[in-house]
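2 protein chains.
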Amino acid sequence: MKSDLDQLMQDHNLDAILITGPAQHNPPMRYFTGTIHMTGGDLIKKRSADPILFYNPMERDEAANSGFETKNLADYRFDELIKITNGNFLEATILRYQKMMTDYDLTSGNIGVYGKMDVGSAYAIFSGLKEKLPNLEIIGQLGDSLLLQAMATKDSDEVERIRAMGKVTTSVVGKVADFLTSQRSVNGVLVTSNGEPLLIGEVKRKINLWLAESGVENPEGTIFAIGHDAGVPHSSGNAEDLLSLGQTIIFDIFPAEAGGGYFYDFTRTWCLGYAPDEVMALYEDVLSVYQQIMSEIEVSSLCYQYQDRTCELFEEQGHPTIKSNPQTQEGYVHSLGHGVGLYIHEYPRFISNAKEDRLAPGSVVTIEPGLYYPEQGMGVRLEDTVWVRPDGEMEILADYPLDLVLPVK
Amino acid sequence: MKSDLDQLMQDHNLDAILITGPAQHNPPMRYFTGTIHMTGGDLIKKRSADPILFYNPMERDEAANSGFETKNLADYRFDELIKITNGNFLEATILRYQKMMTDYDLTSGNIGVYGKMDVGSAYAIFSGLKEKLPNLEIIGQLGDSLLLQAMATKDSDEVERIRAMGKVTTSVVGKVADFLTSQRSVNGVLVTSNGEPLLIGEVKRKINLWLAESGVENPEGTIFAIGHDAGVPHSSGNAEDLLSLGQTIIFDIFPAEAGGGYFYDFTRTWCLGYAPDEVMALYEDVLSVYQQIMSEIEVSSLCYQYQDRTCELFEEQGHPTIKSNPQTQEGYVHSLGHGVGLYIHEYPRFISNAKEDRLAPGSVVTIEPGLYYPEQGMGVRLEDTVWVRPDGEMEILADYPLDLVLPVK
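Protein chains in written order, with the numbering used here: chain A, 507 to 915; chain B, 507 to 915.
FYI, nobody ran anything at the bench for these hints, they're computed from the structure. Bear in mind that the values here come from a model prediction, so they are computed numbers and not experimental data. Honestly, I wouldn't trust all of these hints.
Same chains, same label: a pair holds when it works inside one copy or across any pair of copies.
Straight-line C-alpha distance at most 25 angstroms; calculated SDA-like pairs for lysine to any residue [what the hints assert, rightly or not]:
no., residue 1, residue 2
1, K710, M564
2, K552, V892
3, K577, S750
4, K710, P725
5, K712, F685
6, K915, D663
7, K589, L819
8, K605, M786
9, K829, G868
10, K552, G752
11, K673, G694
12, K712, D791
13, K673, N641
14, K712, V674
15, K681, E719
16, K508, P880
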């Protein structure tokens, strides 16, 4: 949580953190600046101090809306730095950072750097800055970074934003269900009013339209996969596929707030018209594991144990899992869930090599058991996004029926 | 142009270039991989050799669609590297790059690195790689980079993609015009069918909807600004503003291909119902300069001279310009145009400190003169995207009328 930042900075032995880049589509900056619109800037937070936001002069008002102490980057006179360096853009940029660091008494100690930028620029700027300020240790964190650890638990404002995305998501899912059930079927496939077969590409187009209409983004695309593709967890579905009755459709939708904000993550599995026995049996296996896990998860417990438990439950039903066979392409082949926030996949993780990740109060995680049989042309996954409330209760942030069969005419 | 890459690599003294990151919303990677969908990977191109694309195993088919020689990143056994480094994700990543470089005989020489990544990760990975391979010079280019120079001219495939975006853009502009002219006006403002005033926020919502319907993205937003806001070039327009008759509306729209591809950039200025004399006069000044510049621009000529020429023409009309007064907030306050491609602003530039930028054959640039008088509540800008054809002709990539007045009921 944001309120843990000072403690986390101490744990990571960081005296300061620097976040750079735009406030849009750049989770580290957006984490601090919220919904303000800023095409570029820098934010520096020293341990036990409030952040300072460095802004470009045309974005003065937006920067002020952040509520942080602000500093105009124009005060560093880039035009003069460019002259001093004979037009060398890189050297002028390094000099500007050197001045910023010097002004804020950050010429020694450890500073963590975060934010999205061109890799070459980042490497050149921070290598150059290190030469200018040899006592300042510039730390790049991969994997288990301070920010990912902070983001792993959400404050109430963040939860409400994820909840609002959940409302949009389930509303669009409802529109898709209504759209599909209002079509006719001819010879076992859905057809549109003009008698042409309905294709998955058209369904996806409508999903994007309804998401846009709700003012949200769909940066990672949508999985709407039928039959064999539903049996392959990473297939997003073939635009040319027909909507055949009696086949599993995996509909996994994960839109985000406009500008690259908070995600929601949601999956239902549908069968149009009817479900053949083997599909119904597969669905019931997944549903029972979903319900069992939902009843068992407890605040503050270790996540990986629920992955183990899910494997155990599926194995009891007779399915192969990645626990019994790490290479299996059939049965249960992925992890139980993941944290959701400004990234679609964040902490905590439900995997055996993240043994310390817990369902801490404030976590927002997906629970998404699934079974896949690509050779038999079927797959089932059920997924909700769950808030681990401060009072220890588990709360699904957007309710939607779990039903398998969508009736058609 | 892509075909200039080997020559440019020689000019920049680079033996190889490395592009990293996803193929979506990452122009350096997309420049090479086109429309394939890849969540992450690396591309290495040695001088005078074809690129090699390193892919993640689940994206084998997408990688193959790039047409490049491909290499499975799984062959580098990250799982084993993680064990060797006792779970250190950063060290394992550095070791993998070291192996890749060694395999492809890139342990010495100069390699330029590009692509979007977390700044800390980039700094940590490439600093670490440099320690492992001390004879390999890792170059980060800011400003006038090899890739921006290559991208400054487009091949015919790129031009056709920008042209297709122009078609979508002008089609949506037409829908907006039809929508506005189909509303009634009451007491000098447009009202919707239920008698409520129409607000700019609603117009923008429709723009986003029509863009989404066309399957494109609008990552940078749209400028739809009326009155005083039209007089401020960087104002995107206030969602709560009414659509008053007789006021200038600057409508600047710059959508991109889905997944972060090629942009189009287009502006018209509209007056609903009628244009007051001072607005008509301002419009005619901008129109005449637009037409004059369009008639004067020549293939291979220097861009900055047209910025000077535009200032001269506006000054002859009696307007202040940034040439006569660099601090002016009135009159002509920005540059004449810019290159358009995978970035909304790229090379060539029409500014006095880019004296070498030319209208080389294959350039795609905007021409967008404008006049702004925020205190008088008006602004006018006209913008088209122009292809400098290999035969030396200038071609506007999407035609649309330049008319000022939109009639209303």
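Status of the hints after comparison with the structure:
1. K710 / M564: between (38 angstroms within a copy, 22 angstroms between copies)
2. K552 / V892: Classified as neither; 33 angstroms inside a copy, 48 angstroms across copies.
3. K577 / S750: Neither. Shortest intra-copy (59 angstroms) and inter-copy (37 angstroms) distances fail the 25 angstroms Cα cut-off.
4. K710 / P725: Close inside one copy (13 angstroms) and across copies (20 angstroms); limit 25 angstroms.
5. K712 / F685: both (9 angstroms within a copy, 22 angstroms between copies)
6. K915 / D663: neither (44 angstroms within a copy, 45 angstroms between copies)
7. K589 / L819: neither (68 angstroms within a copy, 29 angstroms between copies)
8. K605 / M786: neither (66 angstroms within a copy, 48 angstroms between copies)
9. K829 / G868: Close neither inside one copy (29 angstroms) nor across copies (56 angstroms); limit 25 angstroms.
10. K552 / G752: Cα proximity of K552 and G752: none, with 59 angstroms in one copy and 52 angstroms across.
11. K673 / G694: neither (33 angstroms within a copy, 38 angstroms between copies)
12. K712 / D791: For K712 and D791, the Cα distance exceeds 25 angstroms both inside one copy (31 angstroms) and across copies (44 angstroms).
13. K673 / N641: Result: close neither inside a copy nor across copies, 50 angstroms intra and 55 angstroms inter.
14. K712 / V674: both (14 angstroms within a copy, 18 angstroms between copies)
15. K681 / E719: both (12 angstroms within a copy, 16 angstroms between copies)
16. K508 / P880: Neither way: K508 and P880 sit 43 angstroms apart in one copy and 40 angstroms across, limit 25 angstroms.
Checked against the numbered hints given earlier, this structure breaks hints 2, 3, 6, 7, 8, 9, 10, 11, 12, 13, 16; the rest are met.
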